[in-house]
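> Single-letter residue listing:
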Amino acid sequence: MGEKPENRVDRIVSELLHGRRLKLRGGDAEEKEAIIAAARLSAASKGVQRMHPAFRKRLAESLGSAPADGWLTRRAALVAGLGVATGAITGGLIGRALEPASTAVAAIPEPRLISPTNGQWTDVGALADFSEGQGKRVSAGAVGAFLFRRGESVTAVSSMCSDLPCELRWNGGTGVLDCPCHPASFKPDGEPTNKAYRLPYLDLVSVRVTAAGRVEVLGT
Amino acid sequence: MTTDSSSSRNEGAGEGGGDVLELPAASSSTAIALDELELVYAFIYARVGNRADAEDLTQQVAMKAIPRLRQGAPASAIRGYLFATARSVLGAFWSVRLGLSESELHEDLAMAIPAGPPSEEPAERARRILAGLSDNYRRVLELRFLHGYSLKEVAAEMRSTVGAVKVMQLRALRAAAKVRIDG
Chain E
1 MGEKPENRVD RIVSELLHGR RLKLRGGDAE EKEAIIAAAR LSAASKGVQR
51 MHPAFRKRLA ESLGSAPADG WLTRRAALVA GLGVATGAIT GGLIGRALEP
101 ASTAVAAIPE PRLISPTNGQ WTDVGALADF SEGQGKRVSA GAVGAFLFRR
151 GESVTAVSSM CSDLPCELRW NGGTGVLDCP CHPASFKPDG EPTNKAYRLP
201 YLDLVSVRVT AAGRVEVLGT
Chain S
1 MTTDSSSSRN EGAGEGGGDV LELPAASSST AIALDELELV YAFIYARVGN
51 RADAEDLTQQ VAMKAIPRLR QGAPASAIRG YLFATARSVL GAFWSVRLGL
101 SESELHEDLA MAIPAGPPSE EPAERARRIL AGLSDNYRRV LELRFLHGYS
151 LKEVAAEMRS TVGAVKVMQL RALRAAAKVR IDG
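Chains as they are written, first to last, in my numbering: chain E, 1 to 220; chain S, 1 to 183.
Calculated from the structure, these hints are not laboratory results.
Treat the numbers as computed from the prediction; the structure is a model and nothing was measured.
A hint or two may mislead.
No more than 27 angstroms apart at the CA atoms, straight line, and that leaves these computed lysine-lysine pairs for DSS-like [said to hold, decoys possible]:
1. E:Lys-136 to S:Lys-152
2. S:Lys-178 to E:Lys-23
3. E:Lys-32 to E:Lys-46
4. S:Lys-152 to E:Lys-57
5. E:Lys-57 to S:Lys-178
6. E:Lys-187 to S:Lys-178
7. E:Lys-4 to S:Lys-178
8. E:Lys-23 to E:Lys-46
Residues on chain E that point at chain S, a partial pick, calculated with CB under 8 angstroms [stated by the list, open to error]:
9. Leu-63
10. Leu-204
11. Arg-208
Pair ranges (Cβ atoms, derived) [what the hints assert, rightly or not]:
12. E:Asp-129 to S:Leu-146: 16 to 22 angstroms
13. S:Glu-153 to E:Ala-54: 19 to 25 angstroms
14. S:Ser-95 to E:Gln-120: 21 to 27 angstroms
15. S:Val-162 to E:Arg-20: 17 to 23 angstroms
16. E:Thr-122 to S:Leu-146: 48 to 54 angstroms
17. S:Glu-153 to E:Glu-167: 45 to 51 angstroms
Here a beta-carbon is modelled for each residue, glycine too, at the ideal position from N, C-alpha and C.
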């Protein structure tokens with residue numbers, strides 16, 4: 001016999017009010033709206049929360065051991081008004097990035113080709129379905145792409161912005177892909193349009209046109 | 001904004017904040033990232049309502065976003081990236097736990113990227129939600145969530161039974177989920 005909805009939700013409310021983790025069981029999804037409302041009210045009852053000192057310490061340690069691909073530059077930190085006492089920097093991930101500006105100028109990464117593990121070609125439509133020069137969003141499993149037809153050939157770039165994890169939108173008026181999350185846009189070949197502040201190119205996606213006139217994308 | 005990342009910051013720490021721990025030696029630089037993640041933590045906590053899940057999800061945001069942040073990224077993009085990642089991580093959390101789709105989560109995840117330290121936003125949000133409920137529903141949720149009453153205490157206060165209060169609590173939460181507080 002299934003748990004009554006009121007008992008189910010009260011169990012979750014009680015756990016939240018005791019500061020416990022959300023432990024959801026099969027069937028709880030039936031009351032998903034009530035559960036989300038309960039989580040919000042539980043949070044509100046405790047006011048704005050800051051990280052616990054022990055968690056903050058763990059996080060600081062994990063930041064210090066993260067890969068050194070780069071994080072804030074000194075310039076970015078100053079622009080952010082974060083008041084960085086650069087003389088006090090003692091190392092770690094952020095410390096590496098807060099080096100003199102001359103070392104913080106990164107080369108624009110070349111576009112990368114997405115090569116899915118065990119990738120497979122996915123039919124995304126007939127060539128005739130694609131308008132000349134107009135971006136069309138397609139999915140090939142987990143790979144999202146914008147396709148552009150040029151005569152009998154088709155090119156493809158990733159549908160994800162190279163700077164923020166947001167889905168791009170095709171802007172037919174300006175002929176670029178716009179990022180909805182910040183002022184960034186990309187040409188159909190993936191090149192960022194902003195010359196002053198250069199973002200990485202969009203990743204490239206493998207695409208082909210079969211002898212039968214079908215367009216296929218290499219996805220998952 | 002100060003870069004003093006140890007004692008002053010820890011005094012106001014959340015649920016369990018009593019003991020003050022010193023940060024690692026590289027604190028003045030690491031604090032920059034932690035300042036940003038502090039905002040992310042508050043955002044996540046306001047939606048999951050408990051510390052353990054909020055910590056797990058904040059950690060996920062840090063591990064996903066920070067290695068991908070490029071040198072030279074503008075400040076607005078750094079915070080924007082962290083919050084975009086936080087929305088993605090939260091979306092996955094609710095999707096896995098409750099099978100919610102992205103569209104169902106739209107309102108829950110919609111937000112303006114904060115310009116500064118956490119405000120009293122969750123309390124204000126809750127006040128507005130409760131204001132949109134009928135008297136009985138508002139009362140049961142106020143007593144339960146804001147005053148920490150047990151079901152028995154709520155029943156006594158409202159001159160009802162535990163069973164009836166439990167049902168009323170469920171209906172009140174369902175109604176709270178439908179309250180639109182945009183604008």
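> None of the hints should be skipped; say for each whether it holds.
Hints versus structure:
Among the hinted pairs, Lys-136 (chain E) with Lys-152 (chain S) is inconsistent with the structure: their alpha-carbon atoms are about 59 angstroms apart, more than 27 angstroms. Of the pairs offered as hints, the one joining Lys-178 (chain S) and Lys-23 (chain E) holds, with about 23 angstroms between alpha carbons and a cut-off of 27 angstroms not exceeded. A C-alpha spacing of about 22 angstroms is found between Lys-32 (chain E) and Lys-46 (chain E), which places the hinted pair at or below 27 angstroms, so the restraint holds. Our distance criterion of 27 angstroms between C-alpha atoms is broken by Lys-152 (chain S) and Lys-57 (chain E), whose separation comes to about 40 angstroms.
For the hint pairing Lys-57 (chain E) with Lys-178 (chain S), the CA-to-CA distance comes to about 39 angstroms; that exceeds 27 angstroms, so the pair is violated. Straight-line distance between C-alpha atoms of Lys-187 (chain E) and Lys-178 (chain S) comes to about 42 angstroms, which puts the hinted pair past the 27 angstroms bound. About 21 angstroms separates the Cα atoms of Lys-4 (chain E) and Lys-178 (chain S), which keeps this hinted pair within 27 angstroms; it holds. Note on Lys-23 (chain E) and Lys-46 (chain E): the hinted pairing holds, with a Cα-Cα distance of about 19 angstroms set against a maximum of 27 angstroms.
Checking Leu-63 (chain E) against chain S: minimum C-beta separation of about 5 angstroms stays under 8 angstroms; hint holds. Proximity of Leu-204 (chain E) to chain S is violated relative to the hint, the smallest CB-CB distance being about 18 angstroms (cut-off 8 angstroms). The restraint placing Arg-208 (chain E) at the interface with chain S is violated, with a minimum CB-CB distance near 29 angstroms, outside the 8 angstroms limit. In this structure the supplied range 16 to 22 angstroms is violated for Asp-129 (chain E) paired with Leu-146 (chain S), their Cβ-Cβ distance being about 56 angstroms.
As the Cβ distance of Glu-153 (chain S) to Ala-54 (chain E) is approximately 32 angstroms, the hint placing it in 19 to 25 angstroms is violated. At about 25 angstroms, the beta-carbon gap between Ser-95 (chain S) and Gln-120 (chain E) stays in the expected band of 21 to 27 angstroms. For Val-162 (chain S) and Arg-20 (chain E), the hinted distance range of 17 to 23 angstroms is satisfied, since their beta carbons lie about 21 angstroms from each other. A beta carbon spacing of about 52 angstroms between Thr-122 (chain E) and Leu-146 (chain S) agrees with the range 48 to 54 angstroms that was offered as a hint.
In this structure, Glu-153 (chain S) and Glu-167 (chain E) meet the distance hint of 45 to 51 angstroms, their C-beta atoms being roughly 48 angstroms apart.
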